[in-house]
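> Chain residues, written in single-letter form:
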Amino acid sequence: MRSFLNPLFALMLAAVLAACSSTPAEDDSSATTAPEPTDTSPVTPVEPATPVKPDTSSIPLTADNFYNHPSNYDGTTDTRVIYFAFDSNTVPAAAFETLRAHATYLKNNSNAKVRLEGHADERGTREYNVALSERRSQAVEKFLRVQGVSSSQIDVVSYGEEKPAASGHSEMDWAKNRRVEINYTAGTP
Amino acid sequence: MKLMKHRSTQAFMVILVMLWASAASAELLIRVTEGRVDAVPIAVVPFAGAQGAPEDVSQIVQADLHRSGQFKPLPAEDMLSRPSNESEMIYRDFRVLGMEYVVAGSMKALESGGYEVKYALFDVSRQVKLLEESYRPPASQLRDVAHAISDRIYEQLTGIPGAFSTKILYVTYNRNDGKNPYQLQYADADGHRVTTILRSKEPIMSPTWSPDGRKVAYVSFENQGLPSIYVHELATTQREKVSSFKGINGAPDWSPDGQKLALTLSRDGNPEIYMLDLNTKALTRLTQHYGIDTEPRWLPDGKSLVFTSSRSGGPQIYKLNINDKSVRRVSFQGAYNARSDVTPDGRYLVYVHRRNGSFNVGVQDLQRGTFNIVTRTDMDESPSVAPNGSMVIYGTQDGGTGVLQAVSIDGRVKVELPSKEGEVREPAWSPFL
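In order, the protein sequences belong to chains A and B. When you number the first sequence by UniProt numbering, it's gap-free, plus one each residue, and the end is 189. When you number the second sequence by UniProt numbering, it's gap-free, plus one each residue, and the end is 433.
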């Protein structure tokens, strides 16, 4: 597995994640726990505690960080595509907030249904890529299930490299094609 | 010989039935990019009486022999004489040009609308006639006769049956066709006479032939974007959906006896190899592993198959014994080996191998244990071996477009089949028809 984060971007990302107090799906229980109040004397905040949205334009968007770039994820159900690193089926940290928004919506709207469409880039053999892309949709499915979404609201289909989003053959095209699309088949937000 | 001609005639009738459905699709063009340096010099003399005929038989024969990479045909303008039969044959005229063999013949239009095609094959150094045949096809079957002649000449001179009368099945993708971008087609092995089997808005994948060449199986996502496996009879265009489980339905491959399909299903949550009995519809699970298991291919003995598995990390080729379900790793070079095919004699495995980020076709000799990369392109996939074991056709990219190429098992002959429009992918070479 090659290194994909440049140091500057890693720093920015860490700041974003801290600001959003996001945690990975695997230890999600901590996210629901309110921070313990400290017993020092209350301090009046100097500034209102608005989340610091990073100026993503300052983070160079490269093929290597594309999958985890904050500009791809707005934290709402408006975002319908989750990107993946090369040869990886790990849900990117930058997508957690977006996926939580989908999970919340699905839990609050039991009539809503999503189809998770897994895709791979064109490198490698076609049927093996179908299998790889299934692992990606299954990773997103698992994330949503851990958030409490019912399995009856999720449907998974794997296309491998058969339906590229970008038709070119550059590293950036491949980054755009390694993805899971979240398509509402009922109860679209 | 009589038997052979009879078989050919049956094949022609089947082809005729299928051709009516074929629109004037783009044919594949063929270019030999690399032939053997020791290719055999041969003169295919333009057949007398070819003018005005719908097909020039001698030209097709010459192109077939050239495309095999094993022969180097003499340009017609260099010929000193142009015999059309044995009595006109002057061996000296070809010996001075370094020719080893000469094909001479004639075409004659018959009252019936058909043609009489005669030819003979001569050995220049021994000054003897090696072959002589005649055919009486209708005009519509002149191409079939030409390929049958090529097959006979090839077998006479190499000892290996020719595969010029075979067909190639493949998927095309045309981004500009908003209605049906995906098509399943087949064509003659020389790229001519394209027939469309299926058009779809959704992907079509992994086409493969039945052992008798009368049916094909493929994966189609036409049902609400979900994958199903179909068995499709070419002559009648009747088809049957044989697999549409939850999850992946992929990578079908026919058993040598034509009774079963090996396939990949993820209905239990993970891609595994299964065997489907096409008569009883009984399903047998063959692999049990949390890794990816896919791309099964039967070995000629019908008792074992090879498949791609990630059980050791990256994809590698494994062999599975169907009786006891034991699995043994076969590929060991490099970190990515996938989608194997096997030669009809079971000696060579052909699969996709990644080296320095480039995907190539590699050939593994199962007897000697050697492994050779035989292509120089870099996005190769879906290798498929000709029924005579001579060539491998595969999909690759040229200028960002999917194209088909063919290479000999020893890597010495390379042939390009550029498409006029859209992408061509996933070639499957037919059995002998």
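Check the hints yourself; a few may be wrong.
A few chain B residues facing chain A, derived, Cβ under 10 Å [to be verified]: (1) A139; (2) E202; (3) Q224; (4) G250; (5) G269; (6) H289; (7) I292; (8) P315; (9) S326; (10) R425.
Calculated pairs, DSS-like style, for lysine-lysine (alpha carbon to alpha carbon, straight line, at most 25 Å) [unchecked claim]: (11) K118(B) to K108(B); (12) K246(B) to K113(A); (13) K303(B) to K325(B); (14) K179(B) to K201(B); (15) K142(A) to K246(B); (16) K281(B) to K246(B); (17) K142(A) to K163(A); (18) K303(B) to K319(B); (19) K281(B) to K241(B); (20) K319(B) to K107(A); (21) K163(A) to K241(B); (22) K179(B) to K241(B); (23) K107(A) to K142(A); (24) K118(B) to K163(A); (25) K246(B) to K201(B); (26) K118(B) to K72(B); (27) K281(B) to K325(B); (28) K246(B) to K163(A); (29) K319(B) to K163(A); (30) K113(A) to K201(B); (31) K72(B) to K303(B); (32) K107(A) to K163(A); (33) K118(B) to K129(B).
What the hints contain is simulated information worked out from the structure, not anything from laboratory work. Note that beta-carbon positions come from the ideal geometry of N, C-alpha and C, so glycine has one too.
> If a hint holds in the structure, say so; if it does not, say that too.
Hint-by-hint comparison with the structure:
no. : hint               : verdict
1   : A139               : 40 Å, violated
2   : E202               : 8 Å, holds
3   : Q224               : 9 Å, holds
4   : G250               : 5 Å, holds
5   : G269               : 8 Å, holds
6   : H289               : 12 Å, violated
7   : I292               : 4 Å, holds
8   : P315               : 6 Å, holds
9   : S326               : 22 Å, violated
10  : R425               : 8 Å, holds
11  : K118(B) to K108(B) : 9 Å, holds
12  : K246(B) to K113(A) : 16 Å, holds
13  : K303(B) to K325(B) : 10 Å, holds
14  : K179(B) to K201(B) : 6 Å, holds
15  : K142(A) to K246(B) : 17 Å, holds
16  : K281(B) to K246(B) : 17 Å, holds
17  : K142(A) to K163(A) : 23 Å, holds
18  : K303(B) to K319(B) : 11 Å, holds
19  : K281(B) to K241(B) : 11 Å, holds
20  : K319(B) to K107(A) : 46 Å, violated
21  : K163(A) to K241(B) : 22 Å, holds
22  : K179(B) to K241(B) : 23 Å, holds
23  : K107(A) to K142(A) : 15 Å, holds
24  : K118(B) to K163(A) : 51 Å, violated
25  : K246(B) to K201(B) : 21 Å, holds
26  : K118(B) to K72(B)  : 22 Å, holds
27  : K281(B) to K325(B) : 20 Å, holds
28  : K246(B) to K163(A) : 20 Å, holds
29  : K319(B) to K163(A) : 31 Å, violated
30  : K113(A) to K201(B) : 23 Å, holds
31  : K72(B) to K303(B)  : 41 Å, violated
32  : K107(A) to K163(A) : 29 Å, violated
33  : K118(B) to K129(B) : 14 Å, holds
Checked against the numbered hints listed earlier, the structure breaks hints 1, 6, 9, 20, 24, 29, 31 and 32; every other hint is satisfied.
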